[in-house]
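Peer 1: In case you want the letters, here they are:
Protein chains: 2
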Amino acid sequence: MKDAPFSSIRGLLQNAQTVLVLSHIRPDGDAVGSLLGLGLALQHAGKEVTMVLADGVPSNFRHLTGSNQIVRRVNGNFDLTATVDCSDIARTGNVLGERPVDLNIDHHITNQNFGKVNLVDSAAVATSAILAEVLPALGLPLNRPVAEALLTGLVSDTIGFRTSNMTPDALRIAAKLMEHGANLPELYHQALVQRSYNAVRYWGQALTRLQKKDRLIWTALTLEDRRAASYPGNDDADLNHILSTIEAVDIAVLFVEQNNGHVKVSWRAQPGYDVSQIALKFGGGGHPAASGADIPGSLETVQNQVLEATWSVLTANNGS
Amino acid sequence: MKDAPFSSIRGLLQNAQTVLVLSHIRPDGDAVGSLLGLGLALQHAGKEVTMVLADGVPSNFRHLTGSNQIVRRVNGNFDLTATVDCSDIARTGNVLGERPVDLNIDHHITNQNFGKVNLVDSAAVATSAILAEVLPALGLPLNRPVAEALLTGLVSDTIGFRTSNMTPDALRIAAKLMEHGANLPELYHQALVQRSYNAVRYWGQALTRLQKKDRLIWTALTLEDRRAASYPGNDDADLNHILSTIEAVDIAVLFVEQNNGHVKVSWRAQPGYDVSQIALKFGGGGHPAASGADIPGSLETVQNQVLEATWSVLTANNGS
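Those protein sequences? They're chains P and V, same order as listed. Counting along the first sequence from 1, when you hit position 29 you're at 29 in our numbering, and nothing is skipped either side. Counting along the second sequence from 1, when you hit position 70 you're at 70 in our numbering, and nothing is skipped either side.
No wet-lab data here; the hints were simulated from the structure. These numbers were taken from a predicted model, which means no experiment stands behind them. Cβ coordinates follow ideal geometry from the N, Cα and C atoms, glycine included.
Partner residues are not named here, just some residues of chain V that face chain P (Cβ under 8 Å, in silico): (1) Arg-172; (2) Ala-174; (3) Arg-195; (4) Val-200; (5) Gln-205; (6) Ile-217; (7) Ile-242.
Simulated coverage check for chain V against chain P, where a stretch passes if three residues somewhere in it have a Cβ under 8 Å from a Cβ of chain P: (8) 153 to 162; (9) 179 to 192; (10) 206 to 215; (11) 247 to 260.
Chain P extracted, bound-state conformation:
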């Protein structure tokens, strides 16, 4: 952020009365937090602000002040269009039409610098952390709702201050946001801790069936489990997170049976492994440490194929 184009941003904001702010599809805490942080701060400064999330606000962020103002589509014209936490324009969900982006604020190293003015700091732990420093520098106050939104973004993107990119500065920014009225324990709980009763019951049978071979663990969530627990989604109810906390494991594989005859498979791996190559082989993709694929076939067939391929990667690494 050494070359932060503050004067350009200040100029953009000075001349704008109507402002459109957007963040990304499948929004996480940093998408919602940085959207509300910038949007509410601009409102407080007297701007007319429209905040957009193409997929709407996830239920676990609806407690945030201003979240009820967030809309899913763009209508009208604006003096200024800003995106937050979006590495490219498509991430907004293609709601912009022909509108160009004036201001692009983000922390993704892959950011395409698609704005007229780009404020991209890949060393920042969250876009919300960038805004916590930028807003005061622009003369926009960190009032309580703004601080709550930004602290939510910071806590979410660092999974509670514990991702490997954590810095002392990120902790000091969080301290400052607390001093501006954000209640850390409450916001933390709402963003990261809460789980539904049905989600936790849904885990039960899968944990009972959890299996281990050397440093590989795996289990499956079946359609029958989903029905028995009345779990409404077709996802893994965050069971992946629990599997990734088990000690002495290098690769964890989770199978989620779908009602279209497919099986959703997800891999989580320790550093040194690349599970994206396995996912790719099965028509999926992802990162070395976290990948997924949607594979046609019965649960049993898919399990056998995937475990065999995964075992090869695990043992190849052991030998290297």
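We have chain P already, so just place chain V on it with the hints.
Peer 2: Quick look at chain V alone, frame taken from chain P:
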């Protein structure tokens, strides 16, 4: 900590060559962290230090530098005896014999001020947080092993910076400890995240049997579950923590069947309830938000009695 008796402590330390440091039985991260933090800092200053935990070092803290020096019994005489994180002398596990305590450093509001010099700050989130400020003030350096121990204590006692007593200062202390070489993500993972394969399998059946009535949830871990999962302990494998993260729940009760014909019961409650009164009725005790009891009887009998009593408390509160 306004009246911190720094000059008294400095005097005590100056005149001591051999130092005994102790923390409490059933040690948690702050017990181990504050013990190692003070002990290693004194060693670094040239003192001969004996560090004691009557129950030894739990496996999830054995990665900390110096943890292999910690012994379980006290032998010999010392110029100075210090306790950390102990609210009363009995908490040391009665290993002191007739030795008086010279220095008592703690953050528990219930501390009995049993030392010749007492440094008790109940506003501190952890005894480790007190030491992170006191050690430099005493001229004792925060080198890397000391910073790692203290950050472990701070992270453990705040369950990862999210207990209701969190302060901006606690975050700034953590930032300072990172700058002294403590790797927050790694220490966090080792102190709080890791779980054993058998522990997670042990949860399975209990989660499948999880039940809910209004805002009360409960389940049981049976001896059969323990055997099936080869879980070595007679505790709840931290399943209580998972139950306490379920949304729209006021009281969670967990029953753990014991092989002596008893059932260990634990309650977790939201603010506004006092589950310690229920625990007390069954011969146990605790705090309004977290209590436990060890009750003779079959799992079924104990469940029925406890759920009836708990339901009364829940409904009495609803009516108030």
